[in-house]
Every structure is written in C-alpha cells, then in structure tokens.
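Chains as they are written, first to last, in UniProt numbering: chain A, 1 to 712; chain B, 1 to 167; chain C, 1 to 329.
Please keep in mind that the hints were generated in silico from the structure rather than gathered at the bench.
It is possible that some hints are incorrect.
Part of the chain B face toward chain C, derived, beta carbon under 8 Å [unchecked claim]: (1) Gly42; (2) Leu62; (3) Ala65; (4) Ala123; (5) Pro128; (6) Ser145.
Computed from a predicted structure; not experimentally measured.
Glycine included, every Cβ here is placed at the ideal spot set by N, Cα and C.
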Amino acid sequence: MSVISHAVGTPLDRLDGPDKVKGAAVYAAEHPVDRPAYLYPLQATIAVGRVIALDTAAAGAEPDVLAVLTHRNAPRLASAHDAELAVLQSDEVAYRGQIIGGVIAETPETARHAAHLVRVTYAERAHDVALRPDRDDLYKPLNAAFFCRGGGELMDGSPADSAVGDVDAALAAAEVRLDATYTTPINHHNPMEPHTAVALWSDDELTVYCSTQGVTLSRDLLATVFGLDPRRVRVVCPHVGGAFGSKVYCHSYAVLAAMAAQIVHRPVKFALTRRQMFSLVGYRPATVQRIRLGADPGGRLTAIAHDVVVQTAKAKGYAEQVAVCTRCMYAAPHRRTTHRLAPLDLPVPTIMRAPGQAQGMFALESAMDEMAIACGLDPVEFRIRNEPGVDPETGRPFSSRHLVDCLRDGARRFGWDRRGPVSRARREGAWLVGTGVSASTHPSPRFAGNTTTIRAGPDGRHTVLIAAADLGTGTWTALTQIAADALGVTVDEVELRIGDTALPPASPAGGSAGIDSWGTSVVETAGRLRALIDSHHGGVVPPQGLEVTSDMPDNPDAAHYAMHSFGAQFAEVRVHADTGEVRVPRLLGVFDAGRVINPKTARSQLLGGMTMGLSMALHEQGVVDPRFGHVVNGDLAEYHIASHADVGSVEAYWVEAEDPHTNPMGSKGIGEVGIVGTAAAIANAVHHATGIRVRDLPITLDKLLRQPVVEE
Amino acid sequence: MEITLRVDGQERRLVVDTRTSLLDALRERLGITSPKKGCDHGQCGACTVLLGGRRALSCLALAVAYEDAEIVTAAGLAEGGDLHPMQRSFIDHDALQCGYCTPGQIVSAVGMLAEAEAGWPSAVSADPDADEVVLDDAEIAERMSGNLCRCGAYVNIRPAIAEVARR
Amino acid sequence: MKPFRYQRARDVRGAVDMLAQAPHGAFLAGGTNLVDLMRLGVATPDLLVDVRRLACDRIEELPDGTLRIGATVSNSELAADRRVRRRYPVLSQALLSGASGQLRNLATTGGNLLQRTRCVYFQDLTTPCNKREPGSGCPAREGYHRELAILGWSQACVATHPSDMAVALAALDAVVRTRGPDGERAVPLTELHRLPGDEPERDTVLRHGELITAVDLPPLPPAARSGYRKVRDRASYAFALVSVAAVVEPADGAVRDVRIALGGVAHKPWRASTAEQALRGAPATAERFRAAAEAELSAARPLAGNAFKIPLVCNTLVATLVGLADEPP
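The following block holds chain A by itself, in its conformation from the complex (with noise of 0.2 Å):
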C-alpha cells in the first residue's frame, strides 16, 4: 500500500532527547529493583583445557558474599545445546575468559575483591589461535546462519562459494591482472554502554533488564536455555548504550546473571567491565582475504576471485560472509567466491556493523583502486565502467541501484575533477595530502518475526506496541514518523512502545533491517486498523476505543530482486612525511538508501557508520598474544577507537530515490552501509598521498616509515 507523507521525511528532532541529554533515559543497569545483589564473574586463565580444582573458601568467608558460584553448584540448564550459553554445565574451557563461575555479594566491591580470592587448578591442553592461510584445518562452513539457528552455511544464510564462467582460464587469459591479499585484525565493538543483565525471578518466572538489540531473541535464548514457556520470560530493555552487534546475542553473561538471581532469590546486577567485554560479547573475526582480477585493455573486468580465510571458534561455529559483498558488486563474466573457516581457541566471534562487508568491501575495494592505476583509469571512471545491469550472480534486477549516481554525485561534491592521478604528487608543509574513492554495499532485507498492536483511542491518540530496539539509531523517532503517516495522525498522536517482550515480538535491530521490517508490520496493521474504522465504524473510533493486531506480511518481491542500499565514499588523507602519521580531514559519502525516514537522524548513522569506518581504518586491533590465547590491549586506552581529535569533516548525503520493492516506506537499510568502504577509501587515499599500499589493517604509522616516506 502507499502512504501519504507527512511525518516521513522530514527532520524531527530525536523524540528520546531531552531524556538523554539529562541523563534521564534509563539504560539497563539503571532500572530501579529491590535489593540487588552484585554479580562479579571468574573467567578462566587458560585458553584450554578443564578446571580442576576451585577453592572458593576465601571468597566465600568474605563478609558480604552471598554466594560463589561454579559448574559444581550451578543449576543445571534445560539446554545446553548452544554451547556460548551453556555457562557453568561442565569442567571444560574452550577459550580464555570463560566464564568459570561467579561470586554474588551485597556490593560491587565486595563481589570483586571476593572474585580475586578464588583459587583455581586447571588441566591445560594446547591450544592454538594463529589465523594463518595455510592452516592444514581449515573448512568449509556447513550451518552457520543466524547462530546456527536457521538454514544456510554463512552466517547471514548465503552459501559458502560461488562460481560463474571459468575464473581461472579468464585470469590466465586476462590482460590486465591484480593478485594481492588483504589482512583484517579482530575488531571489538566497544559500545560505550558495557554489556549489563539485571535478572529477578518472582515465582517461576523470569525477567531480566538486559542491553539487547532484540528483545524477543534475547527472551526466546533465554527461555530456551533455562526451559521455560516464553510466556514466563520478560526481556526489558528502552533504552541501548551503542551495541554495533554485540548485543544482537543475549551471549553467556545474561544466563550467569539469571542462574546467580535463582541461587540467591534476589536481583543480581551483572554489569561487564570494560576488559571483560573483550572475551565475553563476541567481536569482529579477522580475516586473510585474496583478491585477484582480471581485466581487458579497455579497463572491463573479465574475472574476479575473491578467496577468503576467516576465523572461527571452536567453541562454536560462525562463519561470516566476507566476500557475499562481491557477488553482487561489479560485472564480469567469470567470477568466484569461497569461504573457508579457521577453527581457533578463542572466544565466539559475532556479528559487527556490516559483518563481512566491512572487511570484505576493504579488500575489493582496494583491489579496486590497484587495478583502476594498473588500467590507467579514474577509480571512479573505473568503478562506473564495470557496473552491473543486473545483480551479476543471479541475473536478477535490483529492486534499486543508483552507486553510479553516488559515485558521479559524490566526486562532485568532493571536488574529484582536482585530483590528479599521480600519487605521491602533492605536498603541504610537512604533510603528503592524498584522496581516495570506495563504494558501499549493504544488503537491505526485512527479517519475519513482527507483529504490531495498535490501538486507537477516541480521542484521536494511538498507541503503537511493537518490542523493537533502538540504539541510538532514531527507532523512537523514526517509527513514530511511518506510524503517524501510516495512522493519518500527527507525530503528537502517536505513543509508541518499545523495548520490552510484554510488547507484540519483534525481529533484532540488526542487519540493516530494523526499521524496514518494523515499519512494514506497522504500516500493515495500521491499514488493517483503518480499513477497520471505515468498514465497521462509519469512519469514526467507537467511545471503547478499538484495538488491531497483526503480522509483518511477507514480501512478495524479496524472491525476485535483489536488495541493497549502496554508496560512495570520498576520503581526503595527510600523512606526515616524517612520522607517518595519518590524519583524515575530510570524508564525504553519498548513498543510495531508498526513502529516507528522518533525514536528521539518518544522517546522524550514517555519519556515525563512516566515523566508525574512520577508527577501522586507522586505529583499531585486538592483539592476540598466541601464547595465552587472549586480546591482551582489552582495553579503551590500549585499543583505540576514534576520538574527537582524529574525525575532521564528515559529510552524508543521498540520491533522493524510494526504493519500489523493498517495503511499503520504500526505504533502504542505512545502519551499516556507512562502515562499509570507509577503510578502503582512506586506504586508497593513504596510497595516493604516499605510494604505500597498505592491505593489512589498521593503517598504522609504522606501516608508513618501514619504506622512507620521502625521498631526500
């Protein structure tokens, strides 16, 4: 159905404001219960292998301790099928900073100090947690999707490998050719908001105030895992401190905190620390990415083979779709992809901002930008040359492509025509300046598990119930808009509800699909609501009120298009030609993200994507120290992420250009398509300033001074 526009598209201020600029929004370590215990948790200190011995003695005779819990007093859980959240139900480590237990205590200090006192014996066994190519165990994901839980052999349901034409006849054949391989390191989320589960039972029933991005995944895990009726478990969370994908996954922690509240029949508060988020909550996996392109005389790519080696746990599998970003990026008639796992001792990797993308679109990207110098072409003239008619893997059309018009819209903007195509050509005092193109791809799809409930108050006021989440990514706000347009009302008649699994079930903010899936089941149910008024209330909400639930319908064009949101993204790069440090003044991007919702909070993620692309390209790196097996920079001072000093100029801008399949907004995602280019645009740039290509992230200093960055 189409709606008519009035709150869509234009640039509300965030509803959840004033609340945040107070301090007043309620995040979940904040929710006000009786009596809360504080949880502090015992991670184990080697990488594999078993415990053997605890002695909980000390910890235990601390004044205040409530109780120390281990796998020997552990209840046990219903399920244990999913091996993250099976906390507690074994002796064994498969990974260094499990969780091996947990003390509980009247106070946070108390349960900390306790923490330290235990003693723990282990039976260590090697283990190994080098991501090398040529590892003799690599494999080829078979049941990955969605956590394992669906169907499909890549995390996002994709198949592991593709092949079209005949790569390898086509790149011996090719007269023009590029074979490089690119490296990305562990990244780790970090939002600013540490992960935290505040959990109570009240009979046989359980509800936990909990970071997530979902909760009616988070209840479902939970449910699961301790064996009981959904409908016994509340997942409460309105409010998110940033999560990036970290909190997609209820993880380990939230079933501690719930295990350790049904010990001591209370509250238990179980806030992270900032270190502990570094083993427990996932984080981005590293990868070691082949490229190799082909192309004729005339700058036409003829093959394209992006290989990929990416880590996984051998905990639990995940594989993470690194290269399904090249299937449907450029023509060319031969191309392939694969997938191959690394199975190391460390922690469950998950999903980040554009898992897969981000490091996959840095790679290709890259490429890119070698084999546009090696045809003497324009980056962006080159890009242009080889895009595609139609989605070059399936032959099927996008549901809407603009990249060219990004691309051509963004070098104007950017001022490209200035650049001239010889690197290590310009230079201001002490620094070399360059600049850089990439473009962006995220899929755009609409995940099922929506239902909206609205009701329609005589009095003109709607209240709109749907558990979706937001991040900070503008839900609140946003969704109040399609609601307003949906239900002919003002944004001030609507009272949306989120966050909280009392609510109708929602899908995860994730994917890119939050808004697209949420915003379909309530458009679809306010019409239902409407054509409910007109055909059984003469067009007027009866005294009572009346109330309309319904379900996301399914979209009949997802079978038949393929869709993305797409990009460009513009870096302009000063290395110091001394310490090679890398500043970055300017970034400019122009996306294709279908119908825009809220232009300000929408910029304001997609802004935030490419800051966050920004601190992937220069800064980020979880370092680990093969010989414990562990992320030994865990922390904000040792693992940088951008800070105000280090992000210049920003600019988002978009093709105004709805989207006619997506969904009834004819929106785009625009979560994370951001991220995705970034690192390889400043890349591309860091290679003009100075000659140096750097294929392995993050772009450090020293990758700039090994080779003189000037000649004398």
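Go by the hints and put chains B and C onto chain A.
Below, chains B and C without anything else, positioned relative to chain A:
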C-alpha cells in the same frame, strides 16, 4: 563509612566503602544515574562530572575523598524543567545517538567552555600564550577528546558546542 | 580492590608519619593512576593517605629565579600558568598533550611523576610480569610491546614510563624535592626514575613513605627556546609512541647549548646526552641534527615489534630541533 556528598545542589548522606568510587556512590548508592560507567578506568569520559566547577572523571575519584566538593551532573545542569543551553544545542544538532556518552559529553563541554573562558591553552593552540582562546573546530576537538563516542556523533557534537560557545 | 583504610593528612609531616607506620600504605593524590591500578588489583595498598589537600598547591618564584611547583598543583593549572607558558613552553605543551582535560584537572604534579607503565602485561593479573610480581617473567619482550622500550631495557623488563610531563622536566633539569622519614632531599629529575635492571619493580629511587613536595625548575637562559613533540596512535588522548622534549639555545646559526629528553623509549625519561654532546657548538643544520640523533640511537636495541621507533625518534627529533632552531626569536 558514612559521608555527605553535595550533588546537584542537594546534600545527600550515604554509606560507602572506602573503595567506592564517586561514580558508584552516585549510581549504585544514590540512584543518580546521569553520569555513566563506560570503562571505569578514566579511558572514555562517560562519567564526567563537575567537581568544584571543573570537569573530572568520577570513576577515578574515591567518594570518601570528595566529601567537601560541589558535584554537578548533567541532570543538575537542567534547572527546574529547563534544559541547559548545551543540552538544547545537543538536541538541535542531533549530537547524540545512543545517548550513553551524552551526559558526559555535555558536562565536559560545559567545563571545557569555562576552561577556555579562563584562557587555558590546549595542545593545538597556535599561540599557547594567547590571552584569549578562539574555539575553532580543531580546538573543540582537542579539548573534547577525553570523551569518546562510539556512535560517531563527533561531527554533530562539535557544532553543538560551537554554537553555545558563540553566545 | 582490596579493602583499605583511608586517612586524610593535615600537613606534610603528618602524611609522612602516617605512611611510615604502614609498610603497605600509599599516598593518594589525584588518584588517576593509583585508583585505576587498585581496581585492576595491580596496586594493593592497605592504607591510603590522602595528600591532595596539603598546602603544596602553589607555583611560586624563588629569589634565584627558580620556579617552584607544589606537588599537588594540578596538571591543568600547571599547563595554564602564565610563567610556565612563557618561560617553559615545553612543559606546558607536554602537559597538554597528555591524557584529557578531565584527567589533567584531577592529576597532580607529584602523581604524574609516579605514574606506572602502561605495559599491558603489567596491568593484566592473569599474565606474568616482573614489575608487578618480581621473578614471574616478562612476556612483553616477546609479546606485545609496540609502546615499549628500545633503550636501556633489561631481560627482566622492557617497560616505558608513560609521563609526558616528566620528559619535559628531564629536559629542563628539574629537581624533585621530597620529604621522607629521614628528612628532606632534592633529587634531579633525571635521577628520579630508574632503568629496570634486575629490579623492575622499583620505578624510582624514592623510598617507602617519601613524599614529593615540589618540583623546582631552574631558570633558562633568555635565548633558550623549548618545545615538545609527541607522536601517538591517536591524534589525542593516547600515550606516546615516542616524544621529544628539547631546549635549544641558538647562536649565530649554531647550537650554543641544547638539552634533549626522549619519551616512550625507555623505563625513564631518556636524556639524550650523546646527541646533546654532539650538538653543543655545532652548526644548527638538519644534517647535524640527524647525525646526533643517529649517534644517540646507536645504543638502541629495538624489540621485534617496535623497531619503527628508531626512524620515528630520529625523524621527530630532527624535525623538533629544526623547528626550534628556525623559530623566530
């Protein structure tokens, strides 16, 4: 031990452990959750409060050591129902997303403007001995770098601060 | 955090007396590093003697031109002090390049000097560390040591001292004044911090219960110019990979006198005396600066993961000296 803290203009009696940070005293003992715990080690700025008018990190301050200080949180910046101009400007510029670093950013910005007003230089000041500080984008960025924002709202936060600085 | 007692000292003598009776006690000033390390379980004092309110919070000029900085003067007040900004810009710049506004407001002059290393293994109780637990081993030497030493390290420890301020003070020939159970003494800044040797657990020459009360800055010659350059992995709010503090007294295209200290390269602020010697009286040219830097670094022993610091220090030192030599008087 029992101590008195003066928070947002109110005297509050509470019992703390010597180990209790000012941040935990506010959040866990007094239920004042405007200052946020992001790292608990002085590495993120989310817990920034004004201590005696100067911005400081409440996670590294022990509550027992600050009995005599005037403590202001973001909640206390809003007088009555009215938002502080910095809070209003943050909303206008959409200088927040998840909102978790936001109270710290705002308190830090208010403290930072007072420092600039006092003529304090920064690491990027062209003339460190200048009498007046000109708060251009680079100055604001440097002075605000102790407040991390993972959502990447920096490019909206700085214009929000600049607008208040101009008034 | 281990439970501890908290006492507030009324005066310097009282503070010293309190700690003298507590072999496992510590002074607490700004707390920005101590509380951090206590929370990690790295520092485990059973008594904190709060010295933040002691009357050591003034910056005063002595009759001989020495600037005396009280130990509890905050890093931000010191950086903003007009006398410091005019006469010792290297110190103001070093302070401002460290930490963040919020941290500088809490951190004190004395406390800044006594910061402990940022070596990740030192801060991680689950790994060995000779500095934290003597005899347990040093994983950093063959592990993650991007920020660690290239000069003066030992088999036992490759840590670096993280202070920026201390590097500037080393170049300024500052003197640290202390009071301990045995009375007062004055320690040249360059002798305050130690090289690790086989006692890496000892960062400084201070004895238990010895309290820093002030730091004295001797006057600089009127022609002297000074500056601080810090290179790090983030544009702000990050510890140094390397830093250079330099005081140059130019004269007719030559170097009359020069004092150089390097940060991020050793267990202590590294006074580059070899380079200084090579430059005194030499022409103020980039070539001579480079030769001096290379001479200084000929003693460097980089680790596998921080060899980049050698060209980085070299280039940064040359650029800093060129900048100071070229600076209009």
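Structure-based check of all given hints:
Interface hint at Gly42 (chain B): satisfied, since its Cβ lies 6 Å from the closest Cβ of chain C, which is below the 8 Å cut-off. Given hint, Leu62 (chain B) at the interface with chain C, holds; its Cβ is 6 Å from that chain's nearest Cβ, closer than 8 Å. Hint on Ala65 (chain B) holds. Least Cβ distance to chain C is approximately 5 Å, under the 8 Å limit. For the restraint placing Ala123 (chain B) at the interface with chain C, the shortest Cβ-Cβ distance is roughly 4 Å, inside the 8 Å limit, so the hint holds.
A hinted interface residue such as Pro128 (chain B) counts as satisfied when its beta carbon comes closer than 8 Å to some beta carbon of chain C; here the least separation is about 5 Å, so the hint holds. Taken as an interface hint, Ser145 (chain B) checks out: its beta carbon lies about 4 Å from the nearest beta carbon of chain C, inside 8 Å.
Hint compliance for this structure: no hint is broken.
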